[in-house]
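Note that the protein sequences, when read in sequence, are chains V and R. The first sequence begins at 1 in this note's numbering and counts up one residue at a time. The second sequence begins at 1 in this note's numbering and counts up one residue at a time.
Hint data in this document are derived by calculation from the structure and do not stem from the laboratory. Take these hints with a grain of salt, some might be off.
Which copy is meant is left open, so a pair is good if it fits within one copy or across any two.
Mimicking SDA-like on lysine to any residue, the simulated pairs with C-alpha atoms at most 25 Å apart in a straight line are [claimed, not checked]:
no.	residue 1	residue 2
1	K139	P103
2	K253	E221
3	K159	K253
4	K139	S193
5	K139	V172
6	K139	L104
7	K159	S193
8	K139	L83
9	K106	G27
10	K214	N183
11	K139	W107
12	K236	I58
13	K282	S109
14	K139	E119
15	K162	S204
From a predicted model like this one, the values you see are computed outputs, not experimental measurements.
2 protein chains.
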Amino acid sequence: MAVSECIIFDGKSYSTKIDNETARLSGKFYSIRGRKPRLAIIDPSQTSENSMYGRSKIKKGEKLSIDCYYIRVPQPVNGKSPLEYIERMLIETEPDGIIIERPLPKWMSERDASQIVPEYLDVEGINLRNMGKNMTGEKTIIPATADACLQIIESLDGKYGKDVCIVNRTRVVGRPLAMALINRDYTVTVCHSSTTDLKEKTSSADIVVTATGKPEYFTSEYISPGAAVIDVGITKTDRGVVGDVNFRDVYNKAGFITPVPGGVGPVTTSMIMKNFMTIAMKRLEDRLNY
Amino acid sequence: MAVSECIIFDGKSYSTKIDNETARLSGKFYSIRGRKPRLAIIDPSQTSENSMYGRSKIKKGEKLSIDCYYIRVPQPVNGKSPLEYIERMLIETEPDGIIIERPLPKWMSERDASQIVPEYLDVEGINLRNMGKNMTGEKTIIPATADACLQIIESLDGKYGKDVCIVNRTRVVGRPLAMALINRDYTVTVCHSSTTDLKEKTSSADIVVTATGKPEYFTSEYISPGAAVIDVGITKTDRGVVGDVNFRDVYNKAGFITPVPGGVGPVTTSMIMKNFMTIAMKRLEDRLNY
Chain V
1 MAVSECIIFD GKSYSTKIDN ETARLSGKFY SIRGRKPRLA IIDPSQTSEN
51 SMYGRSKIKK GEKLSIDCYY IRVPQPVNGK SPLEYIERML IETEPDGIII
101 ERPLPKWMSE RDASQIVPEY LDVEGINLRN MGKNMTGEKT IIPATADACL
151 QIIESLDGKY GKDVCIVNRT RVVGRPLAMA LINRDYTVTV CHSSTTDLKE
201 KTSSADIVVT ATGKPEYFTS EYISPGAAVI DVGITKTDRG VVGDVNFRDV
251 YNKAGFITPV PGGVGPVTTS MIMKNFMTIA MKRLEDRLNY
Chain R
1 MAVSECIIFD GKSYSTKIDN ETARLSGKFY SIRGRKPRLA IIDPSQTSEN
51 SMYGRSKIKK GEKLSIDCYY IRVPQPVNGK SPLEYIERML IETEPDGIII
101 ERPLPKWMSE RDASQIVPEY LDVEGINLRN MGKNMTGEKT IIPATADACL
151 QIIESLDGKY GKDVCIVNRT RVVGRPLAMA LINRDYTVTV CHSSTTDLKE
201 KTSSADIVVT ATGKPEYFTS EYISPGAAVI DVGITKTDRG VVGDVNFRDV
251 YNKAGFITPV PGGVGPVTTS MIMKNFMTIA MKRLEDRLNY
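Please construct the entire structure, taking both the sequences and the accompanying hints into account.
Listed below in structure tokens is the structure:
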């Protein structure tokens, strides 16, 4: 591909489009059910970071006519697990979808988290059966960050090619994104901290997705001319919030780039709400088909 | 890596080692349970191919002191699904593990198959929860063909490098193998029929896994000097049974190659029985921990 002007992805305007669709679904839900859809946000660790993310979800929920229940989970006392408390709160609030805020505390394993959330209330695609569905190519919800990357990549419509290199192998980004892309005819390489020649891998891909948390690590050497670069990383530094990609350097070489902040981030937040409304509507429609 | 003599993998001797371990587990099962372990082999389509594979499993079962129940499923009559028949047969035989023979008939979807087999009797790793476990990196059973490739690759102990290119994206080979390898620090590229430049991908990998069913398609041009080549393909041709790899051509360039027949095939058959004994023993041990 010839090198031409690099397009900077506008995450805010893209996420507004998603929000509009979510608001439409939320209105439809209200008109059928006679009440707003309810999203339970479980916060098992209550770090200041969690509270911040939580507040931003509640604020977004208000805009989209979604009732958010923020459930602060007490820490274990005398070894008594608060899992029961969570269960009770879920019975009380009767949510249409559940999110568990990360990072998880020590007493809650990823396994615990995936078991708390039933398949049909699983906004984040962490239930084992939903993971399995993505693995088999069945239609399902995938984790919001992976989904945000998927939406952005799909919006490129193959213009930059279909060879994707993902630098991340977690269960919330790299793995589900890889499976979802393979389902859509992309050729996918998954790299990670143990990859021997990372530069060789990223620089031969049409599309590079980075989620390493290494601030401004990926310079133009890592990117092929005219490639699309999706930057999931977000790190607070002395010089402000930056991504995994050295933006100024890569901008001059890439064909498409998502900035940090204002790129993948806002799309992810919007995808969470959109995915919530998708499962809430599905369940509602399943009920109407009696 | 310097080009030296190519090692031809001996699938038969490798599978004998696996069988010995399976026989040991089967003997242990008998000594605890007072009966042989029971494997239900469900044949929903009864093609001559299925019967052949079925017979070879029963024969192997006899050698390993495993009772195989071959369940021939009647075809649907007047739209009445035979799923109930299968359920009844499973209740009658009380198996310690279940296999569903492929190809599946039209009336049974992959989804049906994955739902017939409960998580704890799932010899082939097709239950959605088991798929999900592999996706999250949790210990679980994966499909036998993928597992055979995994065992062979792990036996190479990184000697040929850890960059793997898999040419297959099915739920029984490419996808589960990719996830299992990522769990073990391999860098993985998944290619398929829609991959644009397949040769570029395979020829830059340390290890190539082919499962395309295209007889002798992969010539030495597709392989990097000294690479390891795992050939899952098996096609009957006028000149006999051949794999996806042009053996004679690739042999002169690769560092390691699995022949067809006598490579991945026998290891797969042995892995099915080994995986069956693994889950049968796990369940038995769970029961003993009362």
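The hints, checked one at a time:
In this assembly of identical chains, K139 and P103 lie within 25 Å of each other by CA distance solely across copies; the values are 22 Å between and 27 Å within a copy. Taking the shortest alpha-carbon separations for K253 and E221, only the intra-copy value of 9 Å comes in at or below 25 Å, while the best inter-copy value is 31 Å. In this assembly of identical chains, the alpha carbons of K159 and K253 lie at most 25 Å apart only when taken from the same copy (16 Å versus 36 Å across copies). Taking the closest pair of Cα atoms, K139 and S193 come within 25 Å of each other only across two copies (21 Å); inside a single copy the shortest separation is 30 Å, beyond that limit.
Taking identical chains as interchangeable, the C-alpha atoms of K139 and V172 lie at most 25 Å apart whether they share a chain (17 Å) or sit on different chains (18 Å). In this homomeric assembly, K139 and L104 come within 25 Å of each other (Cα to Cα) only across copies, at 21 Å, whereas the closest approach inside a single copy is 27 Å. Within a single copy, K159 and S193 get their C-alpha atoms only as close as 29 Å, which misses the 25 Å cut-off; across copies the closest is 19 Å, which meets it. Taking CA atoms no more than 25 Å apart as the test, K139 paired with L83 passes between copies only; the shortest distance there is 24 Å, against 30 Å inside one copy.
Taking the shortest Cα distances, K106 and G27 never come within 25 Å of each other, neither inside one copy (39 Å) nor across copies (41 Å). Taking the shortest alpha-carbon separations for K214 and N183, only the inter-copy value of 21 Å comes in at or below 25 Å, while the best intra-copy value is 29 Å. With identical chains, the CA atoms of K139 and W107 are at most 25 Å apart between copies only, with a shortest distance of 20 Å across copies and 32 Å within one. Taking the shortest alpha-carbon separations for K236 and I58, only the intra-copy value of 23 Å comes in at or below 25 Å, while the best inter-copy value is 61 Å.
With identical chains, the CA atoms of K282 and S109 are at most 25 Å apart between copies only, with a shortest distance of 22 Å across copies and 29 Å within one. In this homomeric assembly, K139 and E119 come within 25 Å of each other (Cα to Cα) both inside a single copy, at 13 Å, and across copies, at 21 Å. Taking identical chains as interchangeable, the C-alpha atoms of K162 and S204 lie at most 25 Å apart whether they share a chain (12 Å) or sit on different chains (18 Å).
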